[in-house]
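Participant: Just so you know, the sequences run in chain order X and E. Taking my numbering, the leading residue of the first sequence gets 100, the next gets one more, and so forth. Taking my numbering, the leading residue of the second sequence gets 5, the next gets one more, and so forth.
Treat the hints as calculated values from the structure; they're not laboratory data. Computed from a predicted structure; not experimentally measured. Any given hint might turn out to be false.
[Claimed, not checked] Pair ranges (Cβ atoms, derived): (1) Val264/X with Ser124/E: 39 to 49 Å; (2) Thr172/X with Pro15/E: 53 to 63 Å; (3) Ser255/X with Lys126/E: 48 to 58 Å; (4) Leu69/E with Leu193/X: 44 to 54 Å; (5) Ser124/E with Gly276/X: 15 to 25 Å; (6) Thr24/E with Gln206/X: 22 to 32 Å; (7) Asn394/X with Leu119/E: 47 to 57 Å.
For each residue, glycine too, the CB sits at the ideal point set by N, CA and C.
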Amino acid sequence: MNELLPAFEWQQHVIAPWTTGIKSTLWIVLMGFFVATACGLLGNYLILRRMALVGDAISHSVLAGIGVAVVLTLQLDTPTLFIAALAAGLATTLIIEIIHRYTRVKQDAAIGIAFTSLFAIGVILISMKSGKVHIDTECVLYGEVALVPLEKFKLSLSPALAGAVDKLPMSEVYLRGNDLVMAPDVIRMGFVALAVALLVWIFYKELLVSSFDPALAFSLGINATVVHYALMALLSVVVVSAFESVGAILVVAMLILPGATAHLLSARLPVILALTVLHAALGTLLGFHLATWLNCSIAGAFVVAGMGLFLLAWLLSPHDGLLAHWHRRRNLKLEPPEEISSTPPAGN
Amino acid sequence: MSAHGTNETEPPPLEFHDLTVAYHKRPVLWGIDLEIPKGQLVGIIGPNGAGKSTLIKAAMGLLPLNSGWVKVFGEPIKKNIKRVGYVPQRESVDWDFPVSVMDVVLMGRYGHLGLMRRPSKKDRDIARDCLEKVKMLPYANRQISNLSGGQQQRVFLARALAQESDIYFMDEPFAGVDAATESAIVTILHELKAKGKTLLVVHHDLPTAKEYFDSLLLLNMRVVAFGPTEEVFKYDLLQSTYGGRLTILSEVAEAVREKS
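When you get a sec, could you build the whole thing from the sequences and use the hints?
Facilitator: This is how it looks when you write it as structure tokens:
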């Protein structure tokens with residue numbers, strides 16, 4: 100036991116990261132929060148549409164997109180990566196749809212065919228070109244959040260502006276002398292998370308009605324098919340910007356865990372969306388400190404902490420929680436449901 | 005023409021021409037030619053697999069057509085889709101969805117709202133009126149999974165009312181509902197008809213069909229008959245709609261006898 104779990108020290112594992120270690124802590128925690136927020140918000144709609152597995156599919160087939168991009172361009176800058184991911188995501192969605200519609204293969208099996216095939220193509224392409232372009236496949240699969248603070252984006256400011264920036268909170272994280280320094284991945288993920296939040300807000304009605312009742316959406320002039328593909332496109336962009344840090348496999352967890360936890364706690368979509376963001380924040384913080392304590396994979400710790408919150412919600416949820424069920428069963432009083440009690444008993 | 009014919013030149017609410025729809029090469033609807041006049045309450049009846057729901061979905065443009073066309077108020081459906089209200093089969097949606105009764109009825113108003121616009125007080129008032137009409141106002145803030153089958157159906161009906169459409173498609177609104185809901189639906193259908201709305205209602209129960217609807221569409225892949233109920237609800241026509249299904253035919257015989 101002692102060999103497996105290092106001793107937990109409050110000062111070293113909780114306080115120190117936010118004082119002496121703030122420069123890397125802040126970037127890592129922000130990255131985790133942005134990833135979990137972007138994935139979690141979108142994931143809510145995957146859960147509502149019973150499409151959780153499609154998130155899994157797209158996060159894998161994005162590898163094929165990267166493979167094709169590598170073969171064609173021999174480079175991996177951000178725009179190339181985004182376009183490749185977008186193409187792969189839409190291709191996956193389309194292939195699933197085509198297999199499902201034109202053969203007798205059911206949708207879940209079609210998902211299984213589409214993403215494994217694309218993933219395999221990605222593996223082949225990347226292994227063929229691995230000598231020419233550096234792609235760490237382990238990083239693609241498992242991610243490496245710890246590397247996030249290392250890459251720096253640098254912008255020289257005028258002394259006056261730098262002085263003004265210096266007065267902002269925690270300026271030691273992003274100001275070195277007169278240079279503004281940032282972790283570009285985190286900034287990019289921040290924009291992606293913000294874009295997702297904005298889109299969910301702008302298209303709230305369209306997403307809601309096309310998820311609940313696509314045929315009604317159509318009669319309201321909302322094309323549910325367009326909404327579906329737009330959602331898949333957005334999902335691809337989120338996945339590709341997230342997976343460098345948490346990895347393709349853990350993205351799937353980030354897509355489902357926050358929303359699933361929120362669903363246990365509320366039956367109102369706006370509340371669920373807010374709880375999703377709360378889960379993202381708490382899961383990231385707890386996960387970060389778990390990783391500091393155990394000296395383990397940060398991305399893995401994010402997910403385990405998120406799972407812990409899910410279990411907690413399952414236990415404590417006011418309506419569906421295990422404790423609530425247990426309590427209700429102890430105080431069970433048999434009363435006829437109002438529907439029956441309000442109508443006279445049937446003749447036979 | 006009709007009592008509401010203020011605009012005599014307006015094209016018919018719904019028109020099918022030579023409509024054929026097939027699933028995997030098996031035709032479900034074949035050569036449908038039909039014109040539904042304004043202000044009619046039409047019951048669509050026919051055996052299972054006769055294409056009743058398919059007809060509605062084809063009319064709404066939800067299915068690819070193998071041949072023919074559908075026009076709503078003289079235009080392709082896409083142009084006039086907002087004049088169409090829809091009540092799907094109750095089982096077609098997930099009732100565990102995290103929305104309240106009010107939220108569902110407000111969805112009926114979405115067609116009247118622009119991008120990014122949230123339902124206004126006026127929309128909420130309309131939704132409340134619609135809930136009142138189906139006697140579901142006390143349930144407005146309930147989560148929809150806590151409703152009985154009949155209550156769910158009434159919520160769908162309230163949502164259709166909130167759409168304020170000119171033509172309504174309803175897929176089996178009477179399926180599996182309690183007696184109170186059944187009479188509430190009949191009342192609403194007649195109110196809508198009195199306002200000059202056109203209604204097409206898929207119905208599965210023969211004995212009640214002749215009470216509820218003033219015209220009937222007998223469907224079995226093709227149109228067997230379409231016209232006023234008293235002209236169409238005849239033993240021989242029903243027999244050719246339902247084929248040789250004895251249990252139903254005895255029901256038909258009884259229903260026709262009751263009528264005469």
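Participant: It remains to establish, for every hint, whether it holds in the given structure.
Facilitator: Hints and how they fare:
no.: 1; hint: Val264/X with Ser124/E: 39 to 49 Å; in the structure: holds, 43 Å
no.: 2; hint: Thr172/X with Pro15/E: 53 to 63 Å; in the structure: holds, 55 Å
no.: 3; hint: Ser255/X with Lys126/E: 48 to 58 Å; in the structure: holds, 55 Å
no.: 4; hint: Leu69/E with Leu193/X: 44 to 54 Å; in the structure: violated, 22 Å
no.: 5; hint: Ser124/E with Gly276/X: 15 to 25 Å; in the structure: violated, 53 Å
no.: 6; hint: Thr24/E with Gln206/X: 22 to 32 Å; in the structure: holds, 27 Å
no.: 7; hint: Asn394/X with Leu119/E: 47 to 57 Å; in the structure: holds, 49 Å
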